[in-house]
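Kindly generate the complete structure, drawing on both the sequences and the hints.
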Amino acid sequence: MDKKILVIIPAYNESFSIVNVIKSIKSISTYIDILVINDCSIDNTEELARSVESTIVLNLPINMGIGGAIQTGFKYAANKNYDIIVRMDGDGQHDPKYVLDLIKTMLNGKNDIVIGSRFINKKGFQSSFVRRFGKTILQFFIYLITKQVISDSTSGFRAYSARAVKIFCKKYPDDYPEPEEVIIAKKNRLKVIEIPVEMRSRDYGKSSIKGLNSIYYMIKVIIASLIESIRSSNG
Amino acid sequence: MDKIQLIMICFSFVLLLFIIILTRFNRIKVQYSLIWLFSGSILLLFSVFRSLLDTMAQFVGIKYAPSLILLIVVFIGFILGIHLSIIISKLTEENRTLAQEIALFANRIEKLEKE
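Protein sequences, first through last, are from chains G and H. So the first sequence is numbered by the numbering used here: it starts at 1 and just counts up by one. So the second sequence is numbered by the numbering used here: it starts at 1001 and just counts up by one.
No wet-lab data here; the hints were simulated from the structure. Be aware that a few hints might be false.
To be verified - Calculated lysine-lysine pairs in the DSS-like style (CA-CA distance at most 30 Å, straight line):
hint: 1; chain 1: G; residue 1: K166; chain 2: H; residue 2: K1111
hint: 2; chain 1: H; residue 1: K1029; chain 2: G; residue 2: K171
hint: 3; chain 1: G; residue 1: K80; chain 2: H; residue 2: K1111
hint: 4; chain 1: G; residue 1: K26; chain 2: H; residue 2: K1029
hint: 5; chain 1: H; residue 1: K1003; chain 2: G; residue 2: K80
hint: 6; chain 1: H; residue 1: K1114; chain 2: G; residue 2: K3
Below, the structure written as structure tokens:
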């Protein structure tokens, strides 16, 4: 392989799982670079990430939330001319064995975003009924705007082309970026596809999307999507 | 002169004075004081020249003229609020870019120090 590949892991207080996540990616291939973006964690996530050899760690001086953290990774990748960028969570939810699947799907150079979807083969952790209901509504909205059915628009297990990363360096949502990302991508005529993956229920910690947050999430994503759909594509 | 008119004149005057003092001592930047000074001046204008207010009120069909002042105040409040949201959004965006640049630079410095 002559492609430069980077896995970016946004991490906020992931000291329980971060080392395992990094090591398991390393066990797949030593060729892949790993970048942990420490979003101002208050535990020792940074030290633990650094303790695994050749892991690159970026420390954000203020807590910026998931969107800002991921975009930092994109900017790093763009500066260093990486060809394929994989994003995965630091909490152990994403099974590293699918990293290779994501990368392989990117290798033909035709795809810009590959989404790891847990709803294609319906194996592994499927999340609760209420959440799946919310996701169906999202799916419908995204279909209305992009005319593409995305089975798992909230999945954060994704691979990106350098072309996609370049666009997201200019513009990326602050919080809950995944569904909006698809819309920005489609507006910029990027090719988005999905492949099946399995996810585990997270090792530690809780989802940030629960209770009132989930209502905020739905409203925010839908409004953002609608606004995105009436915005010019180069914006 | 109505009581309400007197109150409004005092209020507008104090508002203008307060903004000028804040700007003078750099608590508000000149570019952000402009919108306040403009709003304050409009209020003062309408409170002093009652006839202007009456004409305007008649024009928009408000029977009790001073309530037009209230409407104007609410209107100005909205504009100011939106103005501030725009500024906050801009600052948030700039803040984000700066934080990201710091993280990227820190990484480069670290690498240079190792060499």
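Outcome of the hint check:
Restraint check for G:K166 and H:K1111: the C-alpha separation of about 24 Å stays at or below 30 Å, so the hint holds. Between H:K1029 and G:K171, the direct Cα distance comes to roughly 29 Å. Compliance with the 30 Å bound is thereby established for this hinted pair. At roughly 14 Å between alpha-carbon atoms, G:K80 and H:K1111 fall within 30 Å of each other, so this suggested pair holds. Between G:K26 and H:K1029, the direct Cα distance comes to roughly 52 Å. Violation of the 30 Å bound is thereby established for this hinted pair.
As the CA atoms of H:K1003 and G:K80 are separated by approximately 70 Å, the hinted pair breaks the 30 Å bound. As the CA atoms of H:K1114 and G:K3 are separated by approximately 26 Å, the hinted pair is consistent with the 30 Å bound.
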